[in-house]
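Okay, so the sequence shown: first residue is 241 according to this note's numbering, each after it adds one.
If you are wondering where the hints come from, they were derived from the structure by calculation, not from laboratory data. A portion of the hints provided could be inaccurate.
Pairs of lysine to aspartate or glutamate, EDC-like flavour, derived with a Cα cap of 16 Å [what the hints assert, rightly or not]:
#: 1; residue 1: Lys250; residue 2: Asp280
#: 2; residue 1: Lys250; residue 2: Glu270
#: 3; residue 1: Lys256; residue 2: Asp269
#: 4; residue 1: Lys247; residue 2: Asp282
#: 5; residue 1: Lys247; residue 2: Asp280
#: 6; residue 1: Lys247; residue 2: Glu308
#: 7; residue 1: Lys256; residue 2: Glu295
#: 8; residue 1: Lys256; residue 2: Glu270
Pair ranges (Cβ atoms, derived) [claimed, not checked]:
#: 9; residue 1: Cys249; residue 2: Lys304; range: 16 to 24 Å
#: 10; residue 1: Gly300; residue 2: Ala260; range: 39 to 47 Å
#: 11; residue 1: Asp299; residue 2: Lys250; range: 31 to 39 Å
#: 12; residue 1: Lys247; residue 2: Val297; range: 22 to 30 Å
Where is the CB? At the ideal position from N, CA and C, for every residue including glycine.
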Amino acid sequence: MEHPLLKNCKLDFRLKLTGAGRWCNACGDECLGFLYYNGDRDIDLHPHCASLPREVVIDGVSFKLHTEKDSTLICYRCQQKGARRNSYWSYRSRGNG
Numbered sequence: 241m242e243h244p245l246l247k248n249c250k251l252d253f254r255l256k257l258t259g260a261g262r263w264c265n266a267c268g269d270e271c272l273g274f275l276y277y278n279g280d281r282d283i284d285l286h287p288h289c290a291s292l293p294r295e296v297v298i299d300g301v302s303f304k305l306h307t308e309k310d311s312t313l314i315c316y317r318c319q320q321k322g323a324r325r326n327s328y329w330s331y332r333s334r335g336n337g
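Produce the entire structure from the sequences given, and follow the hints as far as they go.
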């Protein structure tokens, strides 16, 4: 599989990887079962995270999925910011990064 936000990155489907724990690059949670994996770039994605839509619309506001980290952003829903919250993929509106 190739993800549109991960340029030149082929992801292989795995039932489970052996060895040390693997953590999803999109959400930060541990990959305990199926995952998409790229060893060259050390990327792991839950199947659900790999299939997130590139854009969602909530209450008429468009949010686009971003992969870059930005600890200065404030969450639209809970109005909080923090290093861990902004260390993973996030949906952002045009006025929010």
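(request) Could you say whether the range 39 to 47 Å given as a hint is met by the Cβ separation of Gly300 and Ala260? (result) Between Gly300 and Ala260, where Cβ atoms are some 44 Å apart, the hint holds.
(message) Holds or violated: Lys256 and Glu270, Cα atoms, limit 16 Å.
(response) Roughly 12 Å separates the two Cα atoms, so the pair holds.
(request) Quickly compare the C-alpha distance for Lys247 and Asp280 to 16 Å and report which way the hint goes. (result) 13 Å, holds
(message) Verify the CB-CB distance for Lys247 and Val297 against the hinted window 22 to 30 Å.
(response) At roughly 25 Å between Cβ atoms, Val297 and Lys247 fall inside 22 to 30 Å, so the hint holds.
(message) Need the status of pair Lys250, Glu270: alpha-carbon distance at most 16 Å?
(response) Violated. Lys250 to Glu270 sits at ~21 Å, over the 16 Å cutoff.
(message) Can you confirm whether the C-alpha distance between Lys256 and Glu295 stays at or below 16 Å?
(response) 29 Å, violated
(request) Could you grab the alpha-carbon distance between Lys250 and Asp280 and see if it respects the 16 Å cut-off? (result) Between Lys250 and Asp280 the Cα gap is close to 10 Å, so the pair holds against 16 Å.
(request) Compare the distance between the alpha carbons of Lys256 and Asp269 with 16 Å, and conclude whether the hinted pair is satisfied. (result) 15 Å, holds
(message) Please check whether Cys249 and Lys304 have a Cβ separation lying inside 16 to 24 Å.
(response) 19 Å, holds
(request) With a cut-off of 16 Å on the C-alpha distance, tell me whether Lys247 and Glu308 pass. (result) 13 Å, holds
(message) Tell me if the beta carbons of Asp299 and Lys250 are separated by a distance inside 31 to 39 Å.
(response) Holds - the Cβ-Cβ distance for Asp299 and Lys250, about 37 Å, lies within 31 to 39 Å.
(request) Could you grab the alpha-carbon distance between Lys247 and Asp282 and see if it respects the 16 Å cut-off? (result) At roughly 14 Å apart (the allowed maximum being 16 Å), Asp282 and Lys247 satisfy the hint.
In the structure shown, a violation is registered for the earlier hints numbered 2 and 7, in ascending order.
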